[in-house]
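Protein chains in written order, with the working numbering: chain A, 1 to 251; chain B, 252 to 619.
Please keep in mind that the hints were generated in silico from the structure rather than gathered at the bench.
Don't be surprised by glycine CBs; every beta carbon is placed ideally from N, CA and C.
Don't take each hint at face value.
Over the 10 Å line for every Cβ pair with chain B, so calculated as not near, a few chain A residues [what the hints assert, rightly or not]: (1) Asn9; (2) Gly22; (3) Ala69; (4) Gln150; (5) Arg166; (6) Lys223; (7) Ala235.
The following label-pair restraints were derived from C-beta to C-beta distances [unchecked claim]: (8) Val468(B) - Lys108(A): 54 to 62 Å; (9) Gln174(A) - Ile492(B): 56 to 64 Å; (10) Leu565(B) - Ser132(A): 57 to 65 Å.
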Amino acid sequence: MKAILKVENLRKSYGDHQVVKGINFEVATGEVFGILGPNGAGKTTTLEMIETLRPIDEGTVILDGVDVAKDPQKVKYMIGVQLQSTAFMDKVRLTELLEQQAAAYGEKVNSMELLKDVHLEDKAKSYIENLSGGQRQRFSIAAALVHQPQIFFMDEPTTGLDPQARRNLWDLVQQIQKRGTTIILTTHYMEEAEMLCDRVAIMDDGKIIASNSPKNLVQQLLKKGFKKQHRVEQASLEDVFLDITGKELRS
Amino acid sequence: MPKSLFTVLIFAKTSVKRYFRDRVAIFFTVAFPLIFLFVFGALSGNSNITFNLALINQSSSQFSKQFVEQLNSNKTFKVKPDINNLSYARQKMSRSEIDAAVVLPPGFGDIKAGQTHPSGQAVIYFDQNNAQAAQTLAAVLQGVFQGVNAKLVKEQTPFSVVTKTTNQSGLSRFDYTFSGLLGFSIIGLGVFGPVNYFPEMKKQGVLRRLHITPLKVWQFFVSSVLSNAVIGLFSITIMFIVASTVFHFKMHGNYFELAALIILGILTIFGIGLAIGGWAKNENQAAPLANVIVFPMMFLSGTFFPRYAMPLWLQHVSGFLPLTPIIDGIRMIATEGQHLSQITPQLEEIGIWTVIIYAIAFRVFRWE
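Kindly produce the complete structure, drawing on both the sequences and the hints.
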């Protein structure tokens, strides 16, 4: 499979503190790639550098042949980014928000179609502040995809959602993948990563300490002789995660 | 239509729609300047000088009665009917409730023996702190008596003075104040608006969301200026309607030229808001800086207090403030009927400020 994203020796420091310490990874076209890690591991900083939001200190990020550091403006047309749900103006209808979002890319869109894709057609005239958490996340996805980007970044898309809204969002992510969009997401939920991601990279302390498909990572852990207390024959990705990042609470 | 222009227009359109759904914003941009308009309109409504008087008539003559009636019907004098003795009048004067007391002593207006016409001497009592009003009043009464004298005693006056106004258009004090109020409105709209909502949009991540898109800073700026100009013209049009219907404001210049100047003024002043709001990370940074910049302009650029009344050095200093040429220009067009071609010094100054302000705004702007 062709790699759509190549990250090589990527570094970032804030003052004396190095938060991303020379990471390498590739993401293949059409896959769902998860970046996992405890808070402060450097996930968000890594994503923000790829998304052109933060200057790259060292290393290269190549997105479908385009160097992010050299041509950030071009990269912006290629990527879609889902941020927190409140990142939209209040007192603007959902259809108008989508039209405005598309206009930022110089495009006109059929905003009702886009709302249908995320099951919000009956909220077309609502304002963002009147939506529930799950609805906001779905809208946020629709807004990030107005320009049909090749790569879609999602930063903790299901944090704070109830189980129903979360499952609903998983379906949506899988639909987006079926359309051929490459998805890179971060999450704290291991069952989410297991469910959605073709491959994951686990980050800790600014470094990638493991990278593989969830299944293989579980297999590797089992080969080391890992046994679960209750059900001897199985281990989840959560076990892998805690095994290699440690169990102590992070900030 | 070029793509980048399409982007700008959609963003401006969305902002304008959003404004008309925001009652708080409408209050601050329309109702708030209107409140000022009513306050200042009421204050400068009666531009003629009037005197509050106590008129104490101690005479019983026919002439004195006619004289009292004449004073009562004269608009220059507001005679307080309830004051009928001097000690009460003194009390009122010490409280500055009346300017002076006019006493017509007993026998005032009687026809004295050997004369064919009535005569007498009115006395004006005044408080020390109101000496100026009393002097003016004496002069006015003198004039009234002269008129009476001329009718009673036919005589030629070799020298006299006649006053004629040269100001054909009749510029009222309100007309002057109104231009200042427009300046106040422009600054409220252009600075306090963006200083509030830009940091708010940063806090909510709205600007971050836009930063991810290919939207350029200049597109964002131009769309903001456009929507602000639309909102500003809306607010100022309402002020114009109220000013001309309620306060009889007389527009002496060309509306299109005035609109052009006002749009230019909004562009310039909005740049200040854009620079502060675009630079500040939060409201705590934005508000104090905005106050430091706005308050001197609010008081020194001729919004509420005329600049000609200031000491000379202050006139020079305040002449350099960006709002000053805007208000001067508005005044010259609206109340003096001048044309844009006649106010080039003001336009040049506004132009220079616009370049400086936007150079700073572009430099300090941050999305997050």
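Hints, verified against the model:
no.	hint	in the structure
1	Asn9	holds, 24 Å
2	Gly22	holds, 25 Å
3	Ala69	holds, 16 Å
4	Gln150	holds, 14 Å
5	Arg166	holds, 22 Å
6	Lys223	holds, 41 Å
7	Ala235	holds, 38 Å
8	Val468(B) - Lys108(A): 54 to 62 Å	violated, 23 Å
9	Gln174(A) - Ile492(B): 56 to 64 Å	holds, 58 Å
10	Leu565(B) - Ser132(A): 57 to 65 Å	holds, 58 Å
Of the hints listed earlier, the one the structure fails to meet is number 8.
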